[in-house]
Amino acid sequence: MELNQLTIHELKEKLRSGATTAEEITASSFARIEAVEKDVHAYITLMKETAFAEAKRADEAIKKGEGGLLAGIPIALKDIACTKGTLTTCGSRMLSNFVPPYDAAVIEKLREAGAVFTGKTNMDEFAMGSSTETSFYGTSRNPWDLERIPGGSSGGSAAAVAADECIAAIGSDTGGSIRQPAALCGIVGMKPTYGRVSRYGLIAFASSLDQIGPFTKDVEDCALMMNVLSGYDRRDSTSADQEVPDYRQFLGKGIAGWKVGIPKEYFVGGLDPEVEEAVRGAIKTIEEAGAQCVEVSLPHTEYCLAVYYIVAPAEASSNLARYDGVKYGFRFPEGRDLLDMYKKTRSAGFGNEVKRRIMIGTYALSSGYYDAYYKKASQVRSLIKRDFDEAFKTCDALLTPTTPTPAFRIGEKTDDPMQMYLSDLFTISTNLAGIPGISVPCGYSASGLPIGVQFLAGHFQEGRLLQIASEYEKHAQIEKRRPNL
Amino acid sequence: MNFEPVIGLEVHAQLLTDTKIFCDCSTKFGAEPNSHTCPVCLGMPGVLPVLNKKVVDFLLKMAMATNCKINRESSFARKNYFYPDLPKGYQISQYAEPPVEHGWIDIETEGGKKRIGITRIHMEEDAGKLIHDENSPASYVDLNRTGVPLIEIVGDPDLRSAEEAAAYLRRIHEILVYLEICDGNMEEGSFRCDANISLRPVGQKEFGTRTELKNMNSFRNVQRALEYEIKRQQYLLESGGVVVQETRLWDDAAGVTKSMRSKEEAHDYRYFPEPDLVPIVVDDEWQDEIRRAMPELPLEKRERFSSEYQLSAYDAGVLTQSRALADYFEEVARLSGQPKAAANWVMGDILRFLNDEKKTVGECPVSPANLAAMIRLIQEGTISGKMAKDISEAMYKTGGTPEEIIKEKGLVQITDGDALAATLSAILAKNPGQVAQYQSGKEKLFGFFVGQAMKATGGKANPQMLNDLLKKMLAKH
Numbered sequence: 001m002e003l004n005q006l007t008i009h010e011l012k013e014k015l016r017s018g019a020t021t022a023e024e025i026t027a028s029s030f031a032r033i034e035a036v037e038k039d040v041h042a043y044i045t046l047m048k049e050t051a052f053a054e055a056k057r058a059d060e061a062i063k064k065g066e067g068g069l070l071a072g073i074p075i076a077l078k079d080i081a082c083t084k085g086t087l088t089t090c091g092s093r094m095l096s097n098f099v100p101p102y103d104a105a106v107i108e109k110l111r112e113a114g115a116v117f118t119g120k121t122n123m124d125e126f127a128m129g130s131s132t133e134t135s136f137y138g139t140s141r142n143p144w145d146l147e148r149i150p151g152g153s154s155g156g157s158a159a160a161v162a163a164d165e166c167i168a169a170i171g172s173d174t175g176g177s178i179r180q181p182a183a184l185c186g187i188v189g190m191k192p193t194y195g196r197v198s199r200y201g202l203i204a205f206a207s208s209l210d211q212i213g214p215f216t217k218d219v220e221d222c223a224l225m226m227n228v229l230s231g232y233d234r235r236d237s238t239s240a241d242q243e244v245p246d247y248r249q250f251l252g253k254g255i256a257g258w259k260v261g262i263p264k265e266y267f268v269g270g271l272d273p274e275v276e277e278a279v280r281g282a283i284k285t286i287e288e289a290g291a292q293c294v295e296v297s298l299p300h301t302e303y304c305l306a307v308y309y310i311v312a313p314a315e316a317s318s319n320l321a322r323y324d325g326v327k328y329g330f331r332f333p334e335g336r337d338l339l340d341m342y343k344k345t346r347s348a349g350f351g352n353e354v355k356r357r358i359m360i361g362t363y364a365l366s367s368g369y370y371d372a373y374y375k376k377a378s379q380v381r382s383l384i385k386r387d388f389d390e391a392f393k394t395c396d397a398l399l400t401p402t403t404p405t406p407a408f409r410i411g412e413k414t415d416d417p418m419q420m421y422l423s424d425l426f427t428i429s430t431n432l433a434g435i436p437g438i439s440v441p442c443g444y445s446a447s448g449l450p451i452g453v454q455f456l457a458g459h460f461q462e463g464r465l466l467q468i469a470s471e472y473e474k475h476a477q478i479e480k481r482r483p484n485l
Numbered sequence: 001m002n003f004e005p006v007i008g009l010e011v012h013a014q015l016l017t018d019t020k021i022f023c024d025c026s027t028k029f030g031a032e033p034n035s036h037t038c039p040v041c042l043g044m045p046g047v048l049p050v051l052n053k054k055v056v057d058f059l060l061k062m063a064m065a066t067n068c069k070i071n072r073e074s075s076f077a078r079k080n081y082f083y084p085d086l087p088k089g090y091q092i093s094q095y096a097e098p099p100v101e102h103g104w105i106d107i108e109t110e111g112g113k114k115r116i117g118i119t120r121i122h123m124e125e126d127a128g129k130l131i132h133d134e135n136s137p138a139s140y141v142d143l144n145r146t147g148v149p150l151i152e153i154v155g156d157p158d159l160r161s162a163e164e165a166a167a168y169l170r171r172i173h174e175i176l177v178y179l180e181i182c183d184g185n186m187e188e189g190s191f192r193c194d195a196n197i198s199l200r201p202v203g204q205k206e207f208g209t210r211t212e213l214k215n216m217n218s219f220r221n222v223q224r225a226l227e228y229e230i231k232r233q234q235y236l237l238e239s240g241g242v243v244v245q246e247t248r249l250w251d252d253a254a255g256v257t258k259s260m261r262s263k264e265e266a267h268d269y270r271y272f273p274e275p276d277l278v279p280i281v282v283d284d285e286w287q288d289e290i291r292r293a294m295p296e297l298p299l300e301k302r303e304r305f306s307s308e309y310q311l312s313a314y315d316a317g318v319l320t321q322s323r324a325l326a327d328y329f330e331e332v333a334r335l336s337g338q339p340k341a342a343a344n345w346v347m348g349d350i351l352r353f354l355n356d357e358k359k360t361v362g363e364c365p366v367s368p369a370n371l372a373a374m375i376r377l378i379q380e381g382t383i384s385g386k387m388a389k390d391i392s393e394a395m396y397k398t399g400g401t402p403e404e405i406i407k408e409k410g411l412v413q414i415t416d417g418d419a420l421a422a423t424l425s426a427i428l429a430k431n432p433g434q435v436a437q438y439q440s441g442k443e444k445l446f447g448f449f450v451g452q453a454m455k456a457t458g459g460k461a462n463p464q465m466l467n468d469l470l471k472k473m474l475a476k477h
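Quick mapping for you: the protein sequence lines, in order, are chains A and B.
For the first sequence, counting from 1, position 123 maps to 123 in our numbering; every step adds exactly one.
For the second sequence, counting from 1, position 180 maps to 180 in our numbering; every step adds exactly one.
Since the hints were made in silico from the structure, they are not lab data.
We put the CB at the ideal spot given by N, CA and C, even for glycine.
Hints may be right or wrong, so weigh each one.
Calculated pairs, BS3-like style, for lysine-lysine (alpha carbon to alpha carbon, straight line, at most 30 Å) [to be verified]:
| id | chain 1 | residue 1 | chain 2 | residue 2 |
| --- | --- | --- | --- | --- |
| 1 | A | Lys385 | B | Lys79 |
| 2 | A | Lys327 | B | Lys444 |
| 3 | A | Lys375 | B | Lys53 |
| 4 | B | Lys444 | B | Lys460 |
For each label pair, taking beta carbons as the anchor points, the in silico distance ranges come out as [stated by the list, open to error]:
| id | chain 1 | residue 1 | chain 2 | residue 2 | range |
| --- | --- | --- | --- | --- | --- |
| 5 | A | Asp416 | B | Asp251 | 49 to 59 Å |
| 6 | B | Ala254 | A | Tyr232 | 31 to 41 Å |
| 7 | B | Gly30 | A | Arg16 | 51 to 61 Å |
| 8 | B | Tyr81 | A | Ser96 | 17 to 27 Å |
| 9 | A | Leu87 | B | Glu134 | 30 to 40 Å |
| 10 | A | Val99 | B | Val256 | 49 to 59 Å |
| 11 | A | Glu302 | B | Arg115 | 51 to 61 Å |
| 12 | A | Val99 | B | Val278 | 56 to 66 Å |
| 13 | B | Asn2 | A | Arg234 | 57 to 67 Å |
To give an idea of the chain B side of the interface with chain A (calculated C-beta under 8 Å), a few residues [claimed, not checked]:
| id | residue |
| --- | --- |
| 14 | Leu42 |
| 15 | Met44 |
| 16 | Leu48 |
| 17 | Val50 |
| 18 | Leu51 |
| 19 | Lys54 |
| 20 | Phe82 |
| 21 | Pro87 |
| 22 | Tyr235 |
| 23 | Leu277 |
| 24 | Ala313 |
| 25 | Asp315 |
| 26 | Gly317 |
| 27 | Ala373 |
So here's chain A without its partners, still in its complex pose (with noise of 0.2 Å):
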């Protein structure tokens, strides 16, 4: 094996017995990078000569028994974070030219745990899609099938990690962005729960949804990003003052006796026949594994889909006011005056899918609709939150399809954004709710795409979701299988 295939915990192993060096372990990720890239366009900016001055200080600490959790580990960073001195664009036109003078909080610590950064991951225009074929920069390729997309918007992200062009990888989940394309991918990604990671410095779509994750080989490599990466920041008025648990310790500490909720909403129509195979396996395993499972119903369910596309682009569409031509980013040259650079430069600067949103957005707010549309939606959402609470106040956790269907074509559904909608239906509940999700691996499809299992846990109980992961991990035992690239 090569060392690139490997996980953190094992590469930690060989650097802390000194059976390799940060140096040989980013040589070899960028070798792959090298190698594939060009297929699989998970990139968007690579860092390598940053990377390597970072690995080698990062077997300097070794050497001296020091260094952080992610010493020598090349980690992958969705384009929506911002780096210090290091183009960050979110995809798009409009910050084709943007070098911030900050960090975001989560790279800050990535860098103090002693991550290498690989580069910037391509993605979705400012994470508005699922499949990361909106991106200025053209779209990522889902290493099991280069003819399909490897989901999104984080698919950059999910691609690096599958192909091995990186060890883990950074995304942001604001309706699914992490676990769908984790799903697709065939990896581990989780989306903690809202306020465990600062959002500082991470490029707002919908900032009442958005959240940091990671994407990783296994559950034990989750437990760990989740460790560098989970914390309060006073930068982040949302952030949660909470006491971070050390999350390996859930690993491997068994299921028996717990309750494990099946929502009976998320096995109806729209399921692929091969996906709900998949995860009613996941069941049988999770029941072998010692838990118990029991339908539950989250009853406002239907209309969670409803209340994403009003709430997310109403957020969005002032979030993204901020890119106007006026202090930095994309300008359109030239203008007749103020308002005409303003369209111009927002015409040209954004793509489709943005400015379908932003319109989107907009109209949800104006005056006359404000109460028909973002108020009702508001009040909707509190009602799926307390779907959820009623069901976590008998159930340890709640095991779900994390996708409709495995990784569809490139092209398949750009012209039908509702169907590309849909392919978030089983992960837009959990922004929704402010609740944690994972999604792991739970089998392939009979042309070899991989399936994923979604499991949900209460707030700020990411610690249940790994051990309910590892467990599912350890007893499923599925099949690893390398994409062909």
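Place chain B on chain A using the hints.
Only chain B this time, still in chain A's reference frame:
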């Protein structure tokens, strides 16, 4: 038909915090353009606002001073509009859930005391400033002011004349400055006012169509603009026209209000709850803490000055026109032990000197201790009131103590009886004719002898002593 104006004012006050409302940048006025900025107040991608608690402290002070109800929980909202001085494309303000509402203040009107309602007070961030270069097609943006904390005080439409509006505005201004939460500078824009005004036939309950007046940057402007607008609307209504709901700007030079934009072009601000900030929760403990730190307000102070120092209402009013002046007076009163004399000297000489040089009491070269010392010297008879006039002036010029000035000028009163008697003897000896006339009943000549004695002593004779001695000596002759 008789019309009655209905006026409501919206006051924006810039708060005197050291740092901005959502970041740690300085709020200092007059710095190099864009030197007091950071990624947060520049609205860079990904950065987030963090509320400065001091701003809430200041708001709570104003709430208590205006008898407002303090809501336990309130939240921020986004007011969305595009403009180059607004880096995020929205202003963080408060909309649906105000932190503070339903208060009042009393104003003095011709008809006596009148209570004016306060609808609400809320917090918001200021925008930046555009600098237009007349010689080039470019405009520049200075974002130093962006994120400077403001409170908006929305008054009820209880005002019925331009005079009442001006009185209300002065009271609000006075309270803000007294609380030391706003410098009240209208020229620099730290105290701004918009007015809503409509007319209705006397006796009618419903309001007429209103206009909004902006751009009034002095108390005088506010009063003039409202007077003009009342006349304009009255003329329109009387001549069968209609008032159009619109925003109008006061043109100070021309002395008229001018249409700025009509309602049809008005913005749709698309307010919605600010998702980057959590609700503000003001618990009892926080309120108590502020209540304990509340200074005495001008009205209370005035009443206390009248009763505690037996000052007239007028004097109490003058001495409480600013917190610094009131403090100055109280210090002089305390150190001298003579409040009445202290009030007279502060209102007389000290204020006159300061006004002549357009200085504030904070810049007064005469310390309360020095003024008090001088008052004590008068009381003790060391100096006369007339000498004190010269001494106070000298103290103002040099900042010296009264003792230093007395010594320098040789101003001590002659209270030595023997010396005074010797001087008087010499005068009486020199003027035997006048002495005879006085003794034969021409008592008016007493003044003549006093004048001579004062002349001989250079005005330093203790007048009381001189009088007594002179009477005795003339009787003896």
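### Message
Does the beta carbon distance between Val99 (chain A) and Val256 (chain B) stay inside 49 to 59 Å, or does it fall outside?
### Response
holds, 51 Å
### Query
Taking the closest Cβ pair, is Tyr235 (chain B) under 8 Å from chain A?
It is violated, given that the least Cβ distance between Tyr235 (chain B) and chain A is near 33 Å, above 8 Å.
### Evaluation of the interface hint that places Phe82 (chain B) against chain A, nearest CB under 8 Å
Interface hint status for Phe82 (chain B): holds (6 Å vs cutoff 8 Å).
### Query
Does the Cβ distance between Tyr81 (chain B) and Ser96 (chain A) fall inside 17 to 27 Å?
holds, 26 Å
### Task
Under 8 Å, Cβ to Cβ, is where Val50 (chain B) needs to be relative to chain A, so tell me if that hint holds or is violated.
holds, 6 Å
### Query
Is the shortest C-beta separation between Leu42 (chain B) and chain A less than 8 Å?
The hint holds - Leu42 (chain B) has a Cβ within 8 Å of chain A, the shortest such distance being about 7 Å.
### Message
Ala313 (chain B) was flagged as interface toward chain A. Is the shortest Cβ-Cβ separation under 8 Å?
### Response
violated, 49 Å
### Task
Look at the Cβ atoms of Glu302 (chain A) and Arg115 (chain B) and judge whether their distance stays inside 51 to 61 Å.
Holds: the Cβ-Cβ distance is about 54 Å, inside 51 to 61 Å.
### Holds or violated: Lys385 (chain A) to Lys79 (chain B), with C-alpha atoms at most 30 Å apart
holds, 27 Å
### Message
Taking the Cβ atom of Ala254 (chain B) and the Cβ atom of Tyr232 (chain A), is their distance within the range 31 to 41 Å?
### Response
Given range 31 to 41 Å: violated, Cβ gap about 57 Å.
### Interface hint for Pro87 (chain B), Cβ within 8 Å of any Cβ on chain A
holds, 6 Å
### Query
When the nearest CB of chain A is found for Leu48 (chain B), is that gap smaller than 8 Å?
holds, 5 Å
Hints 2, 6, 12, 19, 22, 24, 25, 26, 27, counting from the list given before, are not met by this structure.
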